[in-house]
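Student: Each chain is listed here by its residues.
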Amino acid sequence: MVANSLLKVSGLRASAEDKEILRGVDLEIGEGETHVLMGPNGAGKSTLAGSLMGDPRYTILDGTAEFRGENLLEKSVSERAGAGLFLSFQNPVEVPGISLENFIRTALEQGKGEKVRPWVFHREVKDTLATLGLDETYGERDLNVGFSGGEKKKAEILQMLLLKPSLAILDETDSGLDVDAVRTVSRGVEEFRKNEKASLLIITHNAAILSALKVDRVHVLVGGRIVKEGGPELIEEIGRNGFSRFEENEG
Amino acid sequence: MAKVNVPIAKTFGWLGANGTEAAVPGDRRTEKVRLQAGETRTVVLETGKESWDWEAVLEEGALLRLIQLTGDGGENVNTVRVTCGEQARFEWYRVILGGGPVYDQCTAELAGDGSSFTAEIGYRLSGENLLDMNVEAIHLGRRTKSAISASGVMSGESRKILRGTIDLRKGCKGSEGNEMEEVLLLDPRVRNRSVPVILCAEEDVVGNHGASIGRLDEGISYYLQTRGMTPEEVERMMARARLEAVIRKIPEEAVRNRLLETEEKDA
Amino acid sequence: MTDEKTQVQDVDRAFYDFRDEERDSCRIDGLTGEIVEQISGEKGDPDWMREFRLKCLEIFNRTEMPDWGPSIEGLDMDHIATYVRPSAQRMNTRWEDVPEDIRNTFDRLGIPKAERASLAGVGAQYDSELVYHNIREDVARTGVVYTDLESALHGEYGEMIRTHFMKLVPPTDHKFAALHGAVWSGGSFVYVPAGVKVEIPLQSYFRLNAAGAGQFEHTLIIVEEGASLHFIEGCSAPKYNVANLHAGCVELYVGRNATLRYSTIENWSRNMYNLNTKRALVEEGGKVEWISGSFGSHVSYLYPMSILNGRGARSEFTGVTFAGKGQNLDTGCKVVHSAPETSSYVNTRSISKDGGVSTFRSAVVVNPKAENSKSAVSCQSLMVDDISRSDTIPAMDVQTSRADIGHEARIGRISDEAVFYLMSRGVSEEEARALIVSGFAENVSKELPLEYAVEMNNLIRIEMKGAIG
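Residue numbers (this note's numbering), protein chains in the order written: chain E, 5 to 255; chain L, 103 to 369; chain Y, 45 to 513.
Hints were generated in silico from the structure; no laboratory data involved. Computed from a prediction, not measured in an experiment: that's the story for all the values here. Incorrect hints may appear among the rest.
To be verified - Derived lysine-lysine pairs resembling DSS-like cross-links, with alpha carbons at most 27 angstroms apart:
| id | chain 1 | residue 1 | chain 2 | residue 2 |
| --- | --- | --- | --- | --- |
| 1 | Y | K418 | E | K23 |
| 2 | Y | K490 | Y | K509 |
| 3 | E | K119 | L | K367 |
| 4 | E | K130 | E | K156 |
| 5 | L | K112 | Y | K369 |
| 6 | L | K272 | L | K112 |
| 7 | E | K201 | E | K119 |
| 8 | L | K275 | Y | K369 |
| 9 | Y | K509 | L | K275 |
| 10 | Y | K509 | Y | K369 |
| 11 | L | K112 | Y | K509 |
| 12 | Y | K369 | L | K272 |
| 13 | E | K23 | E | K79 |
| 14 | L | K351 | E | K156 |
| 15 | E | K130 | E | K79 |
| 16 | Y | K99 | Y | K87 |
| 17 | E | K116 | E | K198 |
| 18 | E | K12 | E | K79 |
| 19 | L | K134 | L | K247 |
| 20 | L | K351 | E | K130 |
| 21 | L | K272 | Y | K509 |
| 22 | E | K116 | L | K367 |
Claimed, not checked - Part of the chain E face toward chain L, derived, beta carbon under 8 angstroms:
| id | residue |
| --- | --- |
| 23 | A85 |
| 24 | L91 |
| 25 | P96 |
| 26 | V97 |
| 27 | T110 |
C-beta: ideal position from N, C-alpha, C; glycine also.
Using the sequences and the hints, build the whole thing.
Tutor: Given below as structure tokens:
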């Protein structure tokens, strides 16, 4: 169905703390596409994102996930990142002692297996910060340490732009942000989309972040299953009616 | 042989942490300095195989920055004792890169009102390194402050004992002592002993201690891996970061840069 | 206000300080081989126990006094009656059969009133001997044994006792463990068969009445696989001019997936040297919970220890220590992680007042075998005035990298703001401070059965009242 399949998830079941959360998820994302994953609280959206990335808190019970035709689930977390998968965290951890810029540079070097020249990279960081409308000193600060909620989300977007993944999963990156921060995130997403081959899976409650984007497909996750798929018109419908229609079906 | 690093208060005998029998070299270097009122002085003590008995008296408002370094393969039995007058300040920066063995005693006597002591300790131990420390902040004056902070990384079969004592003596009203220790353990064969003590004989004071000992936090490790680092690389980077965080605080630029460069090379 | 006052008077310290006329049938001072033989003979020990006592005496004589804790110089071993046997000759299971004077004592202390308040069983020890023991029939029917250790030694559980007695706390552990081994007397034996869950607590009560006496009761509890038990221990003694010594020993064996909660509210008189040793061995998936309130004694050395011996074994320690005038209470706990995935959690509060000294002392040891283990220790101390002392001496010995060990300690005073806030709502300053201290000790009181929680809070109030003016 999808022309250049990038991610193909089939029958994925996963649990957290011995409780089954994903109960058979099917999802396919092609190269250069923007997908949206919506669903009520507790539907399993973050579990899906975490399971794809290899979060140790989740246990895969069954199903497959292929990334560029390779088995994603047997890769280590860093191998998944190296293969081009990126997850922006809802609540990124604070890592004292490591500056944001040094960290991304180290990550890039390890991903590519070659040295990144510090000052060339510094330039790129500076440009990207400017694109996002962020202060220059951002890169020198310790990774997420003392960042506000909004700053943390912006730092995640910065990392996404610099690491240049082929599929970025944004897990509620827009939630709990003020207007200014939402604008920064949107700008980052637009910038990311300039690469025609880059794909996005946006997990959100909020239609605002999506308004400027061309969305290819919308998936609705309820009770650990995809209960509905469709075009961008679904976003508007959910904005109007919420998820009750799908939840009733599920029940 | 002599018993070194005997703490003010003892813990259970069987832990073997109430002082250590060590071969103390007879030809220790000694120095006694006195800082005049208002004087600021930075002293760098670099030790390879030689040991120090170092003493200072700080008069009113004086500031002493003692930077004490032990490089790879260093062997010392050191004692440092600093007495602070009113509003005097003693900053101790202690970096140990390897050590075979290093015995370190540092006592800050906060005698004058408003005097303060900060200890920034950073260490990296590997192989069969042994680090044995006893750090004491004795609060005598009113409104005195101490902050002992130690951060280290242990691998191989290295061993370490850190005794840190905040002693809030009678009369030190309004004083505050803080101690924080973080130890990153990278090899199942290491042995880390920590005895963080708070002694308190005064009402209007605050004493805090926190310690975190063990492997790298799982959440941090996972987060960094999602950006493409292997667990080993994450470990190496975090280990370096721990030590660099201490080095960056060293107020002497030349020393700071040299240590950072050494770190860069080693990493 | 009147109601509250009556309640306080009810548990006034003087309440514990009455004493009965000594009517000992046999009294032995000092400690020699002959005396130990004599005790052994009096008690009709089996041979192995007599030999064990003599071996312990030998260890006692060659073991040094501990050199790290509070001073015990006031304790003169030569003048302590190591064995005092009250006139009650036999253990009684009917309350009416207990001699009247002893019965009156326990009545005043609320036993067996406590039994009536729905306990599964009650044991009461008076000086060196257990004088009363009873267990509810329905509990006994499930196979639970609760009896005095001496009779158990001669009965069908004799062999079980032989294989467990002082195996957890060997006489070589320290001088007073050796002393205990040589002269132990009285105490309880509890056996909970596999899978039996005892829903209501068992209780024992110790009381030392004779002047200059020693109490050396031994508590041995075996909770088999999948079983559970809550055991409550209470202690008290009247005040004498001569020092008393309590060197008891508690050994707890917690089987696979078993749970044992051991609660103690200790209110020994202020001339007591309380050198007690408590230890639990916890097997795979098992859990021991220590709830410990230390209020009495002149000097205490008390560090219940948990040895986490099987995968996933757990230990929780919740303690409060209140050191008032003339008291030096050195309390805390020890945990040894000896198996993978074990966890320990320690939460203590200490309060010092009127020149009292409280010391929190702990040790968390993580052995090389204990990978993926976790430990969290939190201790808080409250300084109520500027003539008291509060020390915190924790230690950690971590011998594997695969562990997460956390520790936090805090010493501070009662916040003026909190006092002001409460006073602004109409309570007196004295009352406000008492309330704050009670709240501070809530970690323990909320874990206790109601009547004990009430007693504990009353003890705190008694201590706090008169703190001002």
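Student: Could you grab the alpha-carbon distance between K418 (chain Y) and K23 (chain E) and see if it respects the 27 angstroms cut-off?
Tutor: Holds, because 23 angstroms separates the two Cα atoms, which is no more than 27 angstroms.
Student: Under 8 angstroms is the threshold here; is the Cβ of L91 (chain E) close enough to any Cβ of chain L for the hint to stand?
Tutor: holds, 6 angstroms
Student: Hinted pair, alpha-carbon criterion (27 angstroms max): K112 (chain L), K509 (chain Y). Please report holds or violated.
Tutor: Roughly 34 angstroms separates the two Cα atoms, so the pair is violated.
Student: Hey, K130 (chain E) versus K79 (chain E), does the alpha-carbon distance stay inside 27 angstroms?
Tutor: Roughly 33 angstroms between the alpha carbons, so the hint for K130 (chain E) and K79 (chain E) is violated.
Student: Sort out whether K130 (chain E) lies within 27 angstroms of K351 (chain L), counting only the CA atoms.
Tutor: The hint holds at about 26 angstroms.
Student: Taken at face value, is the distance from the CA of K367 (chain L) to the CA of K116 (chain E) at most 27 angstroms?
Tutor: holds, 21 angstroms
Student: Going straight from one Cα to the other, do K509 (chain Y) and K275 (chain L) come out at no more than 27 angstroms?
Tutor: holds, 25 angstroms
Student: Taken at face value, is the distance from the CA of K367 (chain L) to the CA of K119 (chain E) at most 27 angstroms?
Tutor: Distance of about 15 angstroms is within 27 angstroms: holds.
Student: Holds or violated: the hint that V97 (chain E) contacts chain L, with Cβ atoms closer than 8 angstroms.
Tutor: Interface hint status for V97 (chain E): holds (5 angstroms vs cutoff 8 angstroms).
Student: Is the Cα-Cα distance between K275 (chain L) and K369 (chain Y) 27 angstroms or less?
Tutor: Roughly 22 angstroms between the alpha carbons, so the hint for K275 (chain L) and K369 (chain Y) holds.
Student: Check the hint pairing K116 (chain E) with K198 (chain E) against an upper bound of 27 angstroms on the C-alpha distance.
Tutor: holds, 22 angstroms
Student: T110 (chain E) was flagged as interface toward chain L. Is the shortest Cβ-Cβ separation under 8 angstroms?
Tutor: holds, 6 angstroms
Of the numbered hints given earlier, the model fails hints 11, 15; all others are met.
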